[in-house]
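J.: The chain contents come next:
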Amino acid sequence: MLEAALKELPESTPSACNEEHPLHDLRHGIEHAAHLLPAQGPIEVFVHHNTLHAFEDLSFHEAVKEGLRIYGAQPYLPEVRYREMLLSGRIEVADLETALRDDLGGRSDDLVSGLATLHDLRMSMLRHPLQGGSDAELRWLVAETDALERFRDDVPFLVRERMLDRTREWLTDSGSLTGGDVREDLIQKFGRRMQDMPNWDETRWESALLLSLWRICRSGVQSVPVSAPELPGGSHASRPRDILLRATGDDPDRYVHEFLIRFCGAFLDQGYADWNLPDRDHGLFRAFVSVYRQSRGPVDRWLRNLSAELKALWQSTATPEQSILSSLELLGISAEQRDEFIEQTLLALGGWAGMMWQMESAADWTVRPAPKGSLLEFLAVRLILDHQAILYFGEEYLGCNSSAHEVLDRARQRVSPHEATSVDRRAFLVFQLAQIMGWHPQQLLLLSNKEWASLVRNIEEFTTVERRRVFHEAFERQYREQALSAFAVHSGRRREQVRQSASESSTSKNSRDSEPSDHGKPTDQEQTASSAKSRPAWQIVCCIDDREESFRRHLEEIDPSVETFGAAGFFAVVMYYRGAADAYFKPLCPGIVTPEHYVTEDVGYTFEGVNRQRASSRKRIGRITHQVHQRSRTFVGGILTGLFGSLATFPLVARVLFPRLTSQIRKRFGELLQPPPVTQLQLERYEASPGSSNGHVGYTLAEMAGIVQRLLQDIGLTKTEDFSRVVIICGHGSSSINNPHESAYCCGACAGKRGGPNARAFAHMANDFRVRNELQKRGLTIPEETTFLGAYHDTTSDSVVFYDLDRMPASHRTEFERIQKVIEECRERNAHERCRRFVAADLKLPQLEMLRHAETRGEDLSQVRPEYNHATDSMCIVGRRDWSRGLFLDRRAFLTSYDPTQDDADNSVLFRILAAAIPVCAGINLEYYFSTVDNTRYGSGSKLPHNLVSLLGVMEGACSDLRTGLYAQMVEIHEPMRLLFLIETTPEAMLSIIRRHEGIARLCLGGWVQLALIDADTSEIQLFRNGRFEPFDVSVADLPEVASSRDWYAEKRGNLGFASIDS
Amino acid sequence: MMTQDQIFHVLGVIVVASPALLLFMLGFTWLIGLPLSERSTARYTHAAVTIGLVAAATILGMMIAFNTRDVPIELGNWVEIQEEHFHFHLKFAFDRLSVPFSLLSFVLCGTVGAFANVYLHREPGFRRFFLFYSMFLLGMVVSSVAGTIETLFLGWELVGVSSALLVAFFHERHEPVRNGQRVWSVYRIADAAFLIAALTLHHLTGAGDFDGLMGSGSWPESVASIDGQHALIVGLLLLVAAAGKSGMVPFSGWLPRAMEGPTPSSAIFYGALSVHLGAYLLLRVSPVLAVSVPLQVCVILMGGVSAIFGAMASRVQSDVKSALAFASLTQVGIIVVEIGFGLHYIPLVHMIGHACLRTLQLLRAPSLLKDYQTLENAIGARLQKNPSVWEELLAPRQRTWLYRLSLERGYLDGFLNEYIVRPFVRAFRWADAMERRWTDFLIGTDSRESDRVPAFDESLEDLG
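Chains A and B are the protein sequences, given in the same order.
All residue numbers in the first sequence are consecutive under the working numbering, ending with 1063.
All residue numbers in the second sequence are consecutive under the working numbering, ending with 1527.
Extracted from the complex, chain A is given alone in its bound form (with noise of 0.2 Å):
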């Protein structure tokens, strides 16, 4: 009857004219709420975004604001972490200044009531940290402390002694006494002695010249009328809840969240539970009325009277919208305050309602996502519950139960209404900052009513928030100047080694040859003035992730005569992949990308037995596995298990004491039942439209020609004298245990999941004969001898495995040898760079033993910090390597490859990098930004009692909302700061790429992201500031000269600066 109902929803009846405008506003309304909630999906595919997406239309510094207004979350560090960095000096005075200044604009020098200029006013409301507090607090202070005694400790020495100068002069000058009741309170507080004023010891001045001082104050404010309070948050009174917790001390969502909780994770579960929610796929109303009416159902007191409401409900067929309608009735929600009411509604249990939404909207590739409008649904169920906890309210603590109306108007009565700011907290900011300032008493007694009124005001606009926003530019600020005259100096350096080496060259016999083989590069190579570079003995295609910044750094350290490029890590191959040994495609790409063509890895003849043999042997011990683990659960096969559970003891006590050792033993057996090692992938299309079928899985060879085209134009890869004989394509991706969230470590732009393949896959076209005739075709030739290889690189073990060595012609067998020892090394040396930022890895031991360190990482089951990810991640540089080659970088910035001499007029290989790098990396960056500046309400909190709920996603143990953004061990090291682009091109051509790209245009003019520009030819930058970009002066000329990455951060934990590596 409910579907029929359903059907008949007034959509598409034009007729019932008067329904149909409340619910489709509804509706409306909700979808807009849906926006605001968490936009995770299911966690097996983590894709980083931006947490305030929802906000992106406005400014960087707006949208936080609103985020604290919807969420109540943080919108930057608190501000003692501020103070605590300008104490440190990562935040420096003349940072803040400036900062200030450029906040200010051209206020900076206005008088405040002729006391300061506002610029002074506010810097010193930035450095000194102010009491404010509440009421009890500031009594407390007053009456038990020695605030109206003492100097606060932060006033300066002269300060103090030209106030306590002043006042001596004025209260001995009795005939300038104007302040009738200072003097009053002087005497009460002194009696007698105050006709012993000469004779004063320091102390007894201060205190008089404080005690004065603050009545001045509290006389001055007094005058001050008193804006309207705003609670933070404001909007956080629409609900009934707000009312009753106020009221009540109890918190009704307490009751509605455990129930509904488990109600969601029941309805949501992907296959957990053996036991399924009957009805489910009639929707979550219809399964929750169907399931609840029922009598002799729960005992709790608050849900007595569901079922029978719910009875009524299941006879008058309503709709869910029907159902939320006479919800908002019952609880005295008006038209005016719907919309609000319901987004706080479905925020109140976010990352649920947002999980809810994500499967109904986004989840298709899910075994069982929701069905539509279970968002709207779950509101709906979850608006009754609200009734029935407040009725329950009404009876338990009210004495009324009969309509919710009755309860909140008698919870109404009970609380109090919020009090304003009172006269003292306000006279107490003022009493710090006289002292600070130097202010003394007499001079803030001849303040007329307007000047208080406007010195208030000054002080109390620049709120914390305020306050932390330009802490916040002034931290960036220190950063960003450090940054960009890093790349000015190095930039320059890196030129005139150019120069000299071409000038070396023409005159004596290429003399330097720092390879570590004596083999592989031609020397023979022609080596003109002109083109001083020579050509790379071989060149490599990393991910432009961060984490590959030193892994190419490394590279080129040991291996002079290596070119590394950086390209988003699906090199240009977009597809839905299925391995050998995996049951389901899998697409292999960034996440806003739908992937048209199918890839499979498949076995070939030779070894199809094998693989058949190892699959069904698979097979069988993964159904007996599975077995195991559900019947343990259940009452009779848990008593077998239960007898045979001592044999556990075996793999619990080897896998937490042995991590490594029992890894390997498990990967040896492993080995047994993996497809056999020889595979190829099945990469050519016959048949004519792509599909996962036999026949169309893979591509043409003019798509085929494309992707090569399009990656090798990217990195301006394109002249046939600038490839090398050998191009390792190289993907990363990431691996370790016992990590919900395993899929956030992967590569982004594989939408979470690890690039090997893709990377196999190009190498695979790129060597194909018939596609480099078809790229000759289109103007680009690939040397004959040039041969591209796989690669896959694990991020936490820093391991590289190649693709399909045997394919490789065997005329490049001594230079791979090469190559490999190379990698080797490097894969050493990063490790042990990761691995200063681990405190349980010593920061004395040995580089091997660094390894061996970061390889257990991935393979322990109690570490919760596999890697730092992207933690850190503070840049992203845009243009050729050659100026940015040899700068350490502290595996800080994403490194994305562009030669901004081969791209077109119209900018359009710089436009498309761009239109990804730009929000995937600003995507990254910000996640990070605001899991950091509030881990409780953006991030997910602590991953230690995270519990897996549904196969979908964390809670905080058995019973919590969905844990949505980034836990805290994950970001512990990062700086929250908005990620620094900085692109070889012309302002011009940046321009016209904002003009094109909304998405760009919204980052980039919203401050999402700080954007540069550089010049490699001159080295001059230009910074994006208001819409146009400006000069950038370099600040910082001295950069650091040193000879290898190792001496310049060994043994160094923190984050470092930057410096060339001379080598």
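No wet-lab data here; the hints were simulated from the structure.
By construction, the Cβ of each residue, glycine as well, lies at the ideal position given by its N, Cα and C atoms.
You may find that some hints are simply not true.
[Stated by the list, open to error] Quick partial rundown of chain A residues pointing at chain B, CB under 10 Å, derived from the structure:
1) Asp269
2) Thr625
3) Gln630
4) Leu944
5) Gln969
[Stated by the list, open to error] Pairs of lysine to any residue, SDA-like flavour, derived with a Cα cap of 20 Å:
6) Lys1052(A) x Gly89(A)
7) Lys667(A) x Asp582(A)
8) Lys1433(B) x Thr625(A)
9) Lys1433(B) x Arg666(A)
10) Lys1433(B) x Gly579(A)
11) Lys1433(B) x Val628(A)
12) Lys65(A) x Leu104(A)
13) Lys619(A) x Ala1444(B)
14) Lys619(A) x Glu1439(B)
15) Lys1433(B) x Gln674(A)
16) Lys311(A) x Leu1468(B)
17) Lys719(A) x Glu785(A)
18) Lys619(A) x Gln1436(B)
19) Lys1433(B) x Ala583(A)
20) Lys1433(B) x Trp365(A)
21) Lys1433(B) x Asp582(A)
22) Lys777(A) x Thr700(A)
23) Lys1433(B) x Gln630(A)
24) Lys311(A) x Leu1465(B)
25) Lys821(A) x Ser561(A)
26) Lys311(A) x Asp300(A)
27) Lys1433(B) x Arg368(A)
28) Lys1433(B) x Gln664(A)
29) Lys1433(B) x Gln270(A)
30) Lys1433(B) x Gly670(A)
31) Lys667(A) x Gly579(A)
32) Lys1433(B) x Asp274(A)
33) Lys1433(B) x Arg620(A)
Keeping the supplied structure of chain A fixed, place chain B upon it in accordance with the hints.
T.: Just chain B now, with coordinates in the frame of chain A:
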């Protein structure tokens, strides 16, 4: 040259002293303001567990070698009240029950300690965790080798306190604290039952020695020396205590709530060790059970109901930790049934096996997603559910009813709230209201300052 008895004595003291010393080290250094570093905490924990484990294993070896059945270790009376005939008698007994159980405690605690050392690295509560952990370890060891009911109670309390504090480990959030308190309250009920049982026992036998309770002979061949009537009273009280501690019906509600702490503590405490403590108690007093048939029936019923309930609830839970908690309950229920049937070694083996398996499962709980993917890839299809036979037999209506019962965890929490907590609270509220009237009357005005404090204070950070 030490005699055999002396060696036993020394080893026995080491078994108990090593965790006690650990607790002292971690607690005292912190108390005097010199807290240990992560590394030394780990080192001391490691040492204490290893020493205790080796000592316990040596005792086991010697017992087998010399065919000793029972090694009592007397530490004398710690409190003596002559007039009341009360003494707190500290005595440990190493026999075929306590030695395997203490070995289990050491092995599991040791493994989890090593696990937690890495898992909690850089966690602000690291020291607090290990303090509670050492308290728990001591409690477990004392409970397992206790030779008198007072000693058992001492260990039992240590386990209770540390468990509740570990549930509330993340005390900056509301839910863990609330749930910790809930666990604590249930434990108090169990403790009260236990205490009354101990007093009754004292009253009946004049001493709390298990010897007195179980007559002569060492476990499990001992025969109780009290009559059936008394055995029923004491036994029922102990059954309530065991039910509270092991989360059996009707106290099962706290099991999933206890999953608030860090994963390793949930694993060891609620999945593996402390959940078995109730069953261990029953096993310890099994000679008493043998005396009274009605008591045996009660034990079997309680175990059976818990096992069935646990199996049902476990089937519908959609989160890993709750499902494992109820799965544990099923097995504990079955173990209790086994004890009720008068078996001795089977429940012991079952207990040890189950504890090990569950610990491994809980520690690996976050791997679930990956396991499922691996299995799906191996099988080549989505994992199939096999509906159990009786599910098919039921009419849809009954099936839905049972489903709801299982999803709502048997309404047990609601039941306790409604029929025990609520009357209790109301009675005290009433008394409070009477008192207020009286004091108001005496003073002539409102006598309670606390009434003027608002019920809820937004102590948000000042974001003005």
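J.: Hint by hint, note whether the structure agrees.
T.: Evaluation of the provided hints:
1. The criterion of a C-beta within 10 Å of any C-beta in chain B is met by Asp269(A), whose closest approach is roughly 4 Å, and the hint holds.
2. Restraint check, Thr625(A) versus chain B: the minimum CB separation of about 6 Å is within 10 Å; hint holds.
3. For Gln630(A), the suggested interface contact is upheld, since its CB lies about 8 Å from the closest CB of chain B, less than 10 Å.
4. Interface hint at Leu944(A): satisfied, since its Cβ lies 4 Å from the closest Cβ of chain B, which is below the 10 Å cut-off.
5. Taking 10 Å as the C-beta contact cut-off toward chain B, the hint placing Gln969(A) at the interface holds, the least distance being around 7 Å.
6. With a C-alpha separation of about 17 Å, the suggested pair Lys1052(A) and Gly89(A) falls inside the 20 Å cut-off, and the hint holds.
7. Of the pairs offered as hints, the one joining Lys667(A) and Asp582(A) holds, with about 18 Å between alpha carbons and a cut-off of 20 Å not exceeded.
8. For the given pair, Lys1433(B) sits about 13 Å from Thr625(A) by alpha-carbon distance, which is consistent with the 20 Å threshold.
9. Restraint check for Lys1433(B) and Arg666(A): the C-alpha separation of about 16 Å stays at or below 20 Å, so the hint holds.
10. Only pairs whose Cα atoms come within 20 Å are accepted, and Lys1433(B) paired with Gly579(A) is accepted, the gap being roughly 16 Å.
11. For the suggested pair Lys1433(B) and Val628(A), the alpha carbons sit about 16 Å apart, so the restraint of at most 20 Å is met.
12. Under the criterion of a C-alpha separation no larger than 20 Å, the hint pairing Lys65(A) with Leu104(A) is consistent with the structure, at around 19 Å.
13. Proposed proximity of Lys619(A) and Ala1444(B) is supported: the alpha carbons are some 10 Å apart, at most 20 Å.
14. For a cut-off of 20 Å, the pair hint linking Lys619(A) to Glu1439(B) stands: about 9 Å separates their Cα positions.
15. Our distance criterion of 20 Å between C-alpha atoms is met by Lys1433(B) and Gln674(A), whose separation comes to about 16 Å.
16. Between Lys311(A) and Leu1468(B) the alpha-carbon distance is near 18 Å, which keeps this suggested pair within the 20 Å criterion.
17. This hinted pair checks out: Lys719(A) and Glu785(A) have alpha carbons roughly 14 Å apart, not beyond 20 Å.
18. Restraint check for Lys619(A) and Gln1436(B): the C-alpha separation of about 13 Å stays at or below 20 Å, so the hint holds.
19. The hinted pair formed by Lys1433(B) and Ala583(A) meets the criterion: a straight-line CA distance of about 14 Å does not exceed 20 Å.
20. The suggested pairing of Lys1433(B) with Trp365(A) holds, with an alpha-carbon distance near 17 Å, which does not exceed 20 Å.
21. A hinted pair counts as satisfied when its Cα atoms are at most 20 Å apart, and Lys1433(B) with Asp582(A) qualifies at roughly 13 Å.
22. A distance of roughly 16 Å separates the Cα atoms of Lys777(A) and Thr700(A); the hinted pair therefore holds under the 20 Å criterion.
23. Restraint check for Lys1433(B) and Gln630(A): satisfied, since their Cα atoms lie roughly 15 Å apart, inside the 20 Å limit.
24. A threshold of 20 Å between alpha carbons decides the hint, and for Lys311(A) with Leu1465(B) the separation of about 18 Å falls inside it, so the pair holds.
25. Using a Cα cut-off of 20 Å, the hinted pair Lys821(A) and Ser561(A) holds, with the two alpha carbons roughly 14 Å apart.
26. For the suggested pair Lys311(A) and Asp300(A), the alpha carbons sit about 18 Å apart, so the restraint of at most 20 Å is met.
27. For the hint pairing Lys1433(B) with Arg368(A), the CA-to-CA distance comes to about 18 Å; that is within 20 Å, so the pair holds.
28. In summary, the hint linking Lys1433(B) to Gln664(A) is supported, as the alpha carbons are separated by about 18 Å, within the 20 Å threshold.
29. Taken as a hint, the Lys1433(B) and Gln270(A) pair is honoured in the structure, with Cα atoms around 14 Å apart against an allowance of 20 Å.
30. Proximity of Lys1433(B) to Gly670(A) is assessed by CA-CA distance (about 15 Å); at most 20 Å being required, the pair is judged to hold.
31. The straight-line distance between the Cα atoms of Lys667(A) and Gly579(A) is roughly 18 Å, inside the 20 Å bound, and the hint therefore holds.
32. For the hint linking Lys1433(B) to Asp274(A), the alpha-carbon distance of about 18 Å falls within 20 Å, and the restraint holds.
33. Among the hinted pairs, Lys1433(B) with Arg620(A) is consistent with the structure: their alpha-carbon atoms are about 18 Å apart, no more than 20 Å.
Violated hints are absent here; each numbered hint is respected by the structure.
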